[in-house]
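Respectively, the protein sequence lines represent chains A and B. Our numbering puts the first residue of the first sequence at 149, with every later residue one more than the last. Our numbering puts the first residue of the second sequence at 346, with every later residue one more than the last.
Please keep in mind that the hints were generated in silico from the structure rather than gathered at the bench. Note that the structure is predicted; figures quoted are calculated from it, not measured. You may find that some hints are simply not true.
Stated by the list, open to error - Below are the SDA-like pairs computed for lysine to any residue, each with C-alpha atoms no more than 20 Å apart in a straight line:
{"#": "1", "chain 1": "A", "residue 1": "K705", "chain 2": "A", "residue 2": "T694"}
{"#": "2", "chain 1": "B", "residue 1": "K385", "chain 2": "A", "residue 2": "S245"}
{"#": "3", "chain 1": "B", "residue 1": "K385", "chain 2": "A", "residue 2": "K797"}
{"#": "4", "chain 1": "B", "residue 1": "K670", "chain 2": "A", "residue 2": "A542"}
{"#": "5", "chain 1": "A", "residue 1": "K533", "chain 2": "A", "residue 2": "K797"}
Said to hold, decoys possible - The following label-pair restraints were derived from C-beta to C-beta distances:
{"#": "6", "chain 1": "A", "residue 1": "G365", "chain 2": "B", "residue 2": "E426", "range": "55 to 61 Å"}
{"#": "7", "chain 1": "B", "residue 1": "N355", "chain 2": "A", "residue 2": "T246", "range": "27 to 33 Å"}
{"#": "8", "chain 1": "B", "residue 1": "K644", "chain 2": "A", "residue 2": "S277", "range": "33 to 39 Å"}
All C-beta atoms, glycine included, are put in the ideal place defined by N, C-alpha and C.
Chain by chain, the residues run as shown.
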Amino acid sequence: MASTAWPKPDQRQLLGKRFDRLDGPAKASGTAKYTHDTNLPNMLFAKALWAPHGAAKVSGIDVSAAKAVNGVAQVWSVEPGTEVNYAGTLVAVVAASTEEIAREAVNKIKVEYEVLPHNVDDRDPAKVSGEPSKKEVPDAAGVDEAFKSAEVVSEGYYGASPITHCCLEAHGQAAEFRGGDLYVWATTQNVSGYAGSVTDAAGVPASQVHVECQYMGGGFGSKFGADQWGQICVQLAKQTGKPVKFMLDRDQELMIAGARPSVYGKVRVAAKKDGTVTGWDSDMLASGGKGGGKAPDMPYVFTGVPVIRNVSRGVPVNRGSQRAWRAPGHPQNCLITMSALEDMAAKLGMDALEFFMKNLQYTGRPDVYRDELTKAAEMIDYGSKAHPRGDPTAGPIKRGLGMALHQWGGGGHGSNCDLTVNPDGSVDAKIGTQDLGTGTRTVIGIVVAETLGIPLERVKVNIGSNAYPNDGASGGSTTVGGVSSSARDAATQALNIVLDKVTPELGVPVDRLVARDGKIFDADNPSKSMTWEKACSLLGQMPINTKGSKDPKDGTKLTESGVGGVQMADVSVDIETGVARINEMVAVQDCGLIVNLKTAESQVYGGMIMGITYALYEEAIYDPVTGRMLNPDMEFYKLAGLADVGKLKVHMMTGPGYDDRGVIGLGEPPVISPGAAISNAIANAIGVRVPIMPFTPDRVLAALGKGGAVA
Amino acid sequence: MNSFEYANPNTVEEAVALLASEWDETEVLAGGTDLVTSMKQWVAAPKRVVSLKNIKDLQGIEADEKQVRIGAMATLAELIENEHIQKHYPALITAARGVGSSQIINQGTVGGDLCQRPRCWYYRAGLGLLAQQNGKSLVKDGDNRYHAIFGNDGPAYFVNPSSLAPALIALGATITVQGPQGKSREIKAGEFFQTPKSESEREYGLQPNEILTHVTVPISNLKNATYEVRERQGLDWPLVAAAVAFNLDGETASDVRVVLGHVAPVPWDVPSAAKALDGKNVTEESAAECGETAATGAKPLSQNGYKAQLVRVAVKRAVLAATGKPMET
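Work the whole structure out from these sequences, hints included.
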């Protein structure tokens, strides 16, 4: 019997090697159809009207002029009396034969508002609401005493501005009723679980909802359900009897389809003169929308610091609500923790790398972080570039290095795989998962091909439909753990059926049979062999079908949880203009057994680029007067371009202690450290801390005392 | 965007005849990089769009010994590639390259750059060119990090977005426009722009039924350069830009012109800064003093004080770059 366990390093044929994405050519050539590209005969296009006030009550709404526009099929609108809690709230949606007609009709809708007071200021302690959340170890007296008797105390103010998900493919879906069933083409992180979010609007049971998402343009934690706009889309399709496509416009996407909460506050760090940290005391304001918010528990990664006090107070703001943003809470926590710790190192006059190394006993995985810090330092040439805080070089361009550590869980979500092996040797795997652009489709193919000993091209991977066996939502870096487990399980079962047929033909005991290189052969006498196709022909006329799950019946554990990473940044800051630029960034990351090295590295590159973006440019800017988001576009909601990211290097940890673990996801970890590493690099370059992220020229100049006015 | 009539005339006369005498009734389409997005966002909703792409008189760049004539429909890419521009006007090359996006550089035109509408986020949100609510400026009490620090006594607080205007003004360029009955007039580039006093005015001195036909730049020995500060290195608007031009006799500067971009509702000519450098040897110190003088009198709003610092640096660096001693950044 072939074992479900992952093969040993010397027996791996495909695992851990580099493979192009199976869907790369389709994406590069434009033949890959995204939800946005879904166009059906007689389709209606929906466009929305949104409330332009931070807080208001709809006192009247008149859609008659919109309905009268030639080409308009249906209008959805809120009832008078509806409360608006943030600008961007949808108040009406028009479905029409073209986008242009829909938009023209939207402009004819008349809405009367009773405008109410709003607040978009998330940094004002006077606007705190509710009781603070408090966590003290050991207790208040102990914390106060520890700081009183500390050898050195460092204090600072740090914060991360709110940002959005800014998915390149906006939220939305197309929906059509056919013969009483609902068909939905959604851009979603949750194909298998999506139906439940539209059944009420559809008025049909989930069994009659067919969901499809073959390709999607980014979710980052914001696309788990149909949302209000998806439900409106279904309702309009039902009312009109026609297919309806409703994708949010860019401004709506940025205002209402997801935000990462802000965190700002004061931190005190206590330490011995030798650099050993002895205490942490943070007092934070957090805001993720109308409900206020809570800062993550600090410190980050260095969770074993003996004395800890966390105070978090929520500030309710009239902004679109927070959603899980790639590694929820971690990037903000990492920024604040690593900045406060590095400030302590600077105060002690201690090298930052030495300081972080000295305190690794407070982390859950000191040995791993030591290896990763060492590797990162080597990659960025830390030894020759490092200098104490403040680049002493003459001239306006100051260069600095910074680092940060991060952690993440992972594990695998529930997953089921149906695998078919046909008598002609062709193989087909079905999983109700989705590929967010991460390479999930390819990973499934690699695992099946590795298990059956056949080339990757022989495996047809079917995903992106709820007609396939259900699979968990892609969140929390759990997808690769889930799908690789269920695919391995199903493929191993299928292999064992084939091997049972081959054993009598070759006259070799089943335990000696090996499937590799498109053949099945005797491990002791490889000349006794049979091609995969010949072996499959022994099945007769009927294909075999196996069902694998994330937790194989033989009890094998194929996925694990718990990864770490270290990133270092080399930046140059022009102290006359305040402009910070990335020269180089390195990332060292572990994630257990790597299935596809190429896409694993790609995940890390992508994480670094997204991190550079939020570190230097990205900010959801709200107008205190109107309550509206002022930059709901991609002109002033700034994302890094190629010229901005510098040179990026990635190293994945492999070998003993790493790839003998299970498969662990990589969606979140690499996006956590960039903000902190870049903040520390800027401080190292210019000699002062820039407190609030993103580190734009106005904030850098303000920190340098050169006339900046933006806090 | 709204439904509109599209006109594609072959001559300037025809084009002018197709334009209404009121603003917003008709719009002129050059490269379209601003107009098309404005229409898609319903910031502009003209009844007729008059395309200039078939009008030969508006195209190309020609030079004689005295001047270079740049057609309004010459693209920024043509400007960058033109040997005369390269030889005489590095300030224009830097400014055009600074636009950052290859697509916009290839598609955008010189006339379009000069006549594009402000990027003020209140204006782009449909809250009006002057961004007023109940007679009060939204900009002053709102988020004004990218707004004006000069010429901001109201009611306008946006900044002029043109990349080329500061350099053209510094180089003493003339803008030629043509209106009805074949009447054309020449306007000094420095007088082409205006601060609107009401929503019914525009930021430049065209009549609604006039077309900018070409720009003429005198050939001289002026040393010139542009320096722009922007957040992103790729596609991004400058936070502050400075263009300078001056004669250099030995080390001594004369006929100095210093013009700022993105700091005021119009390109901001700073004669006081020019005077500060005039007759002096161009050194790091005199360049810094020129920059310091340029920033004097800035009246930052609540959030854009940093732009005064950027003026100091941009002017200093432009002066040094003009003499061939650019700072490596």
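Taking the hints in turn, this is what the structure says about them:
Our distance criterion of 20 Å between C-alpha atoms is met by K705(A) and T694(A), whose separation comes to about 19 Å. In summary, the hint linking K385(B) to S245(A) is supported, as the alpha carbons are separated by about 18 Å, within the 20 Å threshold. The suggested pairing of K385(B) with K797(A) is violated, with an alpha-carbon distance near 40 Å, which exceeds 20 Å. A threshold of 20 Å between alpha carbons decides the hint, and for K670(B) with A542(A) the separation of about 17 Å falls inside it, so the pair holds.
Note on K533(A) and K797(A): the hinted pairing holds, with a Cα-Cα distance of about 16 Å set against a maximum of 20 Å. Between G365(A) and E426(B) the beta carbon distance is about 35 Å. The supplied range of 55 to 61 Å is therefore violated. Remark: the range hint 27 to 33 Å for N355(B) to T246(A) is upheld by a beta-carbon distance near 31 Å. Taken as a hint, the range 33 to 39 Å holds for the pair K644(B) and S277(A), whose Cβ atoms sit roughly 37 Å apart.
Going through the hint list in order, the structure does not satisfy hints 3, 6.
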